[in-house]
Amino acid sequence: MEARRAHFSAPDFYNVETERMTLPTIARRLLAAQQHDAEREEVLSGMGEEYVMRRRRDGSLKARLWLWRQVLGSLPATVGRVWFRGTTGFESEANRMNGKGLGLESWIQDMRFALRSLRSRPLYVVLSVMTLALGIGGATAVFGIARAVLLEPLPYRTSDELVLFWNMFDWSEAEVNFLRPEWTGFAGVAAYRPEGVYLQQDGRPARQVPGIASSAELFDVLGVRPMLGSGFSPADDAPGAEPVAVLGYGLWQELGADRSIVGKSIDLDGGTRRVVGVMPEGFWFPDPSVRVWLSTPMRPNNRSGNYALVGRMEAGRTVESMRDPLQRITTRMGEQFTYPPQWDKTKNAQLTPVKEFLHGPVRPALLATLGAMGVILLMACANVATLMLGQLRGRSSELAVRIALGAGSGRLTRQLLVESIVLGLIAGAVGAFAAAMGFRLLLAALPLGELASTVTFNWTLFLVAMLIAFVAALLIALVPVLSLLHGDLRDALSRARTSGIGAKGRMEEALVIGEVALAVLLAAGAGVLIRSVANLQAFDSGIQANGVAVLDISTSGGTPEQRAQQLTQLVESLTTLPEVDAAAAIQLLPLRASGWNFGLAIEGRPELEQTTTRFRLVTHDYFRAMGIPVLRGRVFDARDAANSEQVIVIDQSLAEKYFPNEDPIDRRIATQTGWARIIGVVGAVAYGGLNPEERVPGRYMLFEQEPIVPDDNSIVVLVKDGRSPAQLLPLLARRIQQTAPTVALREMTTMQHEVATAMGPTLRIMQLMTLLGGLALLLGAIGVYGVVSHFVNRRRRDYVIRLALGMKPIAAIRQVLGRGTALVGIGCLIGILAALLLTRTLASLLYEIDATDPLALGLAIVTLIAAGCVAALIPGIRASRANPAQVLRENA
Amino acid sequence: MNKHAPLGTFEEQVLLAIVRTAGDAFGMNVRREIETVTGRDVAIGAVYATLDRLEAKKLVRSFRSSDRKLFEITRSGIDALAETKAMRERLWRGVNVLRLLESS
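Residue numbers (this note's numbering), protein chains in the order written: chain A, 368 to 1259; chain B, 72 to 175.
Just chain A, same shape as in the assembly:
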């Protein structure tokens, strides 16, 4: 049986003609938007009639509900219809005379057309996609890293309120205790200092864990609660309190992720510490390498200063508004403590926001890389745009026919846009993949230090890549579209079958000039960095890094004599290896840090103020192992032992400064236990880093003649000629473990690597910038080649006629070359101006060189002009060798 529910007779519908426009506006518009041009009127009128009928019969509400069910219920089917028509190109027989279809349909058709047309030009597609993908991938990866480092919030509550105090690691427990009752202007202040500890776990060899010893306020100041247990309680830093520890998430995981660990004890530094809490994942302070936080007694009378202070300003305060509170604090300090003039902490009070302290050193490097990647991306866009323009000119006959058949600028524009979006999206996908692959490499290449460990690849970067790709596609399409709208291209196309002459290609030229300018900018940046690194390399650190292996070791427990003995034993055992030339121990490797500074008192020179000089403890063969020359006297030998006369070796800087016109040999210098006789003078060494300021006066003593022997020392091993120190490291490590199983190996490296580390961010950024500069050069050269080559192609007919009329081939080459170099020349000029303005951002990375170094700029320009000439020469030679008969036949 048929269920007849609605009862409309035909006359009902035709009598409501006057009311058909009564469809509610929004519904009518939505409905109209879903209809084919040829069907719109009919559908709207039909729907209007039925709506009116329903309103009369069922009331307004029910009629509206029906209408909206129609509007929304039609949507999925309409989308399917658009897709069907777009992909099959179907058009209904009755609509043939009005075939505009639905709005989106022609976009789908354009996309199909673009895909078909791209399929027939695989070389063009591969070139464009690879060029763009390079730019997109690079920009995405650097953006991902920069976002993670600079934009992600620090793992502390309202980190904008956190500041570090001036004179870092120079605050004493006495000062902290005195100031503690009243930190004016601060919600809280905590003192902390680095403290590496040895973790002994289930009979495994002891290993060093980077830690922080801090006052009880630390976690309150940072505003972070542990995920298990608690932070430190106020009594934890009282003298005599039980030592407690808060574990980092990573260390907790390594210890078995036992949730009941709170309250248990762990074996640290040969003693036990009760675990009171575990910090949540992602928390770190003051850098991500720290894995455990330890309570430490804050003794009111301890004046040795090695703490840094971190404070939380009262809510609403800024660093600028802290002047008065700081004034109050320094006044109180001045009243309680006396400071020598050169160490007066009350004079230079200054707060540094934690964010600035953490990001400050990496920001210039990251921004410079991001800028460089942006430049590469722009150049890639320009190259693809010129490629596209060239392609359009190549397809001039096809386009001319389409214009003749009535395709308007709008339709052509849309086709260009769709084509470039298709290219862009393919490149975006490839680029995102490249970014994912290259992310770790880039992360390792950037000088981020410990912050690098907080950066992980985030899949939202795929979205970023696609967004960049989309914007790039729009930029690319802009060039041919503008060219089309300005009539430049259109004119050329309409004359396509005649000669092709007349297309001036100004847009392409402007693009290539822009590209050259960008390449100059990057090359200049790279040049300045290369020169800076060369300066660093030329700086004489005073040591011979070649062939030296470095093993950082730690001994725990024992008396200083026992530790000194163990070091001598280790060194002797290493020396017996056939691969080893010399081995020695030193308490702090050169280039790493300033380290111990002791006042210097010289016998018979009471007028001399006790000046600070660098101080190093070594074993006998140290100077030979490190290639430090002996300038006068002798260095340590078998005569010098624990119970023999105390002797000392000074370096050239010390000799020049304190014994300017006299022989320092046999003079005596005060030590902690008496007087040491100077036995020799050795070459000066850069102690704290590759910096002439670090070649300060320094002196050396034997471990066995000093009452203090630290736990952490380094062993340097000079390997025999032709051996690689890096390859011998495992062998050396085994020998150390065999000789002294209780000694923990912290790190194994080479002195070469130490020198590279000392060059710091500049070296790494230089390597990256050189790579990017090279890439920019290549892209610039390809751009010049592309444009000059199109120019030649367009004027081939011109050239063959001239050649046939007697023009010398060399003149043709000269003309083409001249055009290429003119473009490069203008680009260079603009590039120089930009470089003068922008390379200043690199200033903080540079060493003994001006950001606008003329040599670096000059080199960049010469390289670019050379590359431009080669790029222009190829089409030039092609122009001079064109076969007149063939060219004229082609253009007939």
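The reader is advised that the hints may include incorrect statements.
Stated by the list, open to error - Derived list of chain A stretches under chain B, where covered just means 3 residues or more per stretch with a C-beta under 8 Å from a C-beta of chain B:
hint, stretch
1, 408-416
2, 436-444
3, 448-462
Unchecked claim - Per the computed footprint, the stretches of chain B lying under chain A, defined by three or more beta-carbons under 8 Å from a beta-carbon of chain A, are:
hint, stretch
4, 77-87
5, 124-131
6, 150-160
7, 166-174
As the list claims (entries may be wrong) - The calculated label-pair distances, taken between Cβ atoms and stated as ranges, are:
hint, chain 1, residue 1, chain 2, residue 2, range
8, B, S174, A, R436, 50 to 60 Å
9, A, G447, B, P77, 16 to 26 Å
10, B, S174, A, I393, 52 to 62 Å
11, B, R91, A, I393, 49 to 59 Å
12, A, R479, B, E173, 51 to 61 Å
13, A, F457, B, P77, 13 to 23 Å
14, B, S174, A, W826, 36 to 46 Å
Read the hints as simulated data drawn from the structure, not as lab findings. Backbone N, C-alpha and C define an ideal beta-carbon position, used for all residues, glycine too.
Got chain A sorted already, so can you dock chain B onto it with the hints?
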């Protein structure tokens, strides 16, 4: 056998509605016919999308008459309907709904 894939339920309904409203088979009318007969709401968009597909398969033909786009069934359309009906009857053969109802 029909060279086309068998008709979908909605395609079959649209084709039958065209036959039933022969001579006046425009989109809105086809929709109303299905709605009237089946008693269910039918979205106008779904009708036009199906009409496109049927025309692309050459099962219906479209033409213009007095500002309306009308449809008529083609020979292939008739074949497809016949084939669909036959297939359905083959499927029903041996199925006794009354007995099923009694036994459930």
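Here's how the hints hold up against the structure:
For the stretch 408-416 of chain A, the proposed coverage by chain B is satisfied: 5 residues have a C-beta within less than 8 Å of a C-beta in that chain, meeting the threshold of three. A stretch counts as covered by a chain when three or more of its residues have a beta carbon under 8 Å from one of that chain; for the stretch 436-444 of chain A and chain B the count is 7, and the coverage holds. Against chain B, the stretch 448-462 of chain A contributes 9 residues with a C-beta closer than 8 Å to a partner C-beta. That satisfies the three-residue criterion, and the hint holds. With 0 residues bearing a CB less than 8 Å from a CB of chain A, the stretch 77-87 of chain B misses the requirement of three and the coverage assertion fails.
Closer than 8 Å: that is the beta-carbon criterion, and the stretch 124-131 of chain B has 3 residues meeting it against chain A, so the requirement of 3 holds. With 0 residues having a Cβ less than 8 Å from any Cβ of chain A, the stretch 150-160 of chain B misses the three-residue criterion, and the hint is violated. Given as covered by chain A, the stretch 166-174 of chain B fails the check, having 0 residues with a CB less than 8 Å from a CB of that chain where 3 are the minimum. A C-beta distance of roughly 39 Å is found between B:S174 and A:R436, which places it outside the suggested range of 50 to 60 Å.
Between A:G447 and B:P77 the beta carbon distance is about 19 Å. The supplied range of 16 to 26 Å therefore holds. Take B:S174 and A:I393: their Cβ atoms lie about 53 Å apart, and the range 52 to 62 Å holds. For B:R91 and A:I393, the Cβ-Cβ distance of about 34 Å falls outside the hinted range of 49 to 59 Å, so the restraint is violated. Between A:R479 and B:E173 the beta carbons are some 57 Å apart, a value that agrees with the proposed interval 51 to 61 Å.
Taking 13 to 23 Å as the suggested C-beta distance range, the pair A:F457 and B:P77 conforms, at roughly 21 Å. Distance hint for B:S174 and A:W826: a CB-CB separation of about 56 Å, inconsistent with the stated range 36 to 46 Å.
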